[in-house]
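From first to last, the protein sequence lines stand for chains Y and E. Sequential numbering of the first sequence, starting at 1, is according to the UniProt record's numbering. Sequential numbering of the second sequence, starting at 1, is according to the UniProt record's numbering.
Just so you know, not all the hints are guaranteed correct.
Any copy, or any two copies together, can satisfy a pair, since identical chains are not distinguished.
Said to hold, decoys possible - Restricting the straight-line Cα-Cα distance to at most 25 angstroms, the calculated cross-link-like pairs of lysine-lysine (BS3-like) are:
{"no.": "1", "residue 1": "K144", "residue 2": "K13"}
{"no.": "2", "residue 1": "K13", "residue 2": "K24"}
{"no.": "3", "residue 1": "K145", "residue 2": "K100"}
{"no.": "4", "residue 1": "K75", "residue 2": "K109"}
{"no.": "5", "residue 1": "K75", "residue 2": "K145"}
{"no.": "6", "residue 1": "K144", "residue 2": "K109"}
{"no.": "7", "residue 1": "K75", "residue 2": "K132"}
{"no.": "8", "residue 1": "K100", "residue 2": "K144"}
{"no.": "9", "residue 1": "K144", "residue 2": "K75"}
{"no.": "10", "residue 1": "K132", "residue 2": "K144"}
{"no.": "11", "residue 1": "K100", "residue 2": "K24"}
{"no.": "12", "residue 1": "K24", "residue 2": "K113"}
{"no.": "13", "residue 1": "K13", "residue 2": "K113"}
{"no.": "14", "residue 1": "K122", "residue 2": "K24"}
{"no.": "15", "residue 1": "K122", "residue 2": "K144"}
{"no.": "16", "residue 1": "K132", "residue 2": "K122"}
These are calculated hints, taken from the structure and not from any lab test. As the structure is a computational prediction, the values presented were derived from the model and not from experiment.
So the chains spell out like this:
2 protein chains.
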Amino acid sequence: MENIFTDEYFMKKALQEAEIAFEKDEIPVGAVIVVNNTVIARTHNLTELLHDVTAHAEMQAITSAANFLGGKYLKGCTLYVTLEPCQMCAGALYWSQISKIVFGASDEKRGYKTLGTQIHPKTEVISGVLEKECSALMTSFFQKKR
Amino acid sequence: MENIFTDEYFMKKALQEAEIAFEKDEIPVGAVIVVNNTVIARTHNLTELLHDVTAHAEMQAITSAANFLGGKYLKGCTLYVTLEPCQMCAGALYWSQISKIVFGASDEKRGYKTLGTQIHPKTEVISGVLEKECSALMTSFFQKKR
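Next up, chain Y with everything else stripped away, as it sits in the complex (with noise of 0.2 angstroms):
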């Protein structure tokens, strides 16, 4: 039998969560945290309802994983979020010592790869996972803007 959870399948969720995200006229990003393919958090950039600067999607799930487990660390999860991570979820994803981390879309301009922020060594990161959705969701959210 074929294996439904693949990185293409959490990274739906995660879109899903940047979609609730866009219809609170919050920049659109959603994140999850899987372990054991069971999705142990689900958020969305809050930012703006929040006045809030540390409310993005990563640092909500980060929290709100560690909340679940008991525990500070984040050993055997995956994080899934529609947006390469900044400086500052880069440097908390650090902390976490996260196993895995998979992102859809590039940020070329305030991304942790452009920026060169350190993961910690024992994660891995996979990129480009539902790229083109996750990427028409900024775009389209910019257009409306301006």
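Could you slot chain E onto chain Y? The hints should help.
Chain E alone, transformed into the frame defined by chain Y:
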């Protein structure tokens, strides 16, 4: 009349917060955010208590100050923190556009300067204020842990 509101004055407030963290068996880092010589946020590291890697003193201070001000940008504010910010905290400070960062002890291993994290171009940084006192608290903590 002499101005009592010096960087040392406010760093002492941050040090008091760091001491509270020490007493809770948290890595002793404390922070305050000041606007117009008024402290609007005072926080200390709570990563152990909250099981949350994002609960650094600076992150809580940013959220707390933004709540107080009712907006997400911290223009006109100064952060006093006993230890050089890490990648995560420096990344958050970038987004906040805070006007000034004053830190005590340097963190040669995990500090944002070593790791090359980008700070907002409009943010002024001052280091080494009450450096000995800030460092001594960290040293005592890790000696106790051995």
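Discussion item. Run through the hints listed earlier and report the numbers of any the structure violates, in increasing order.
Written reply: Hints 3, 7, 8, 9, 11, 12, 14, 15 and 16 are the ones this structure does not satisfy, whereas the remaining hints hold.
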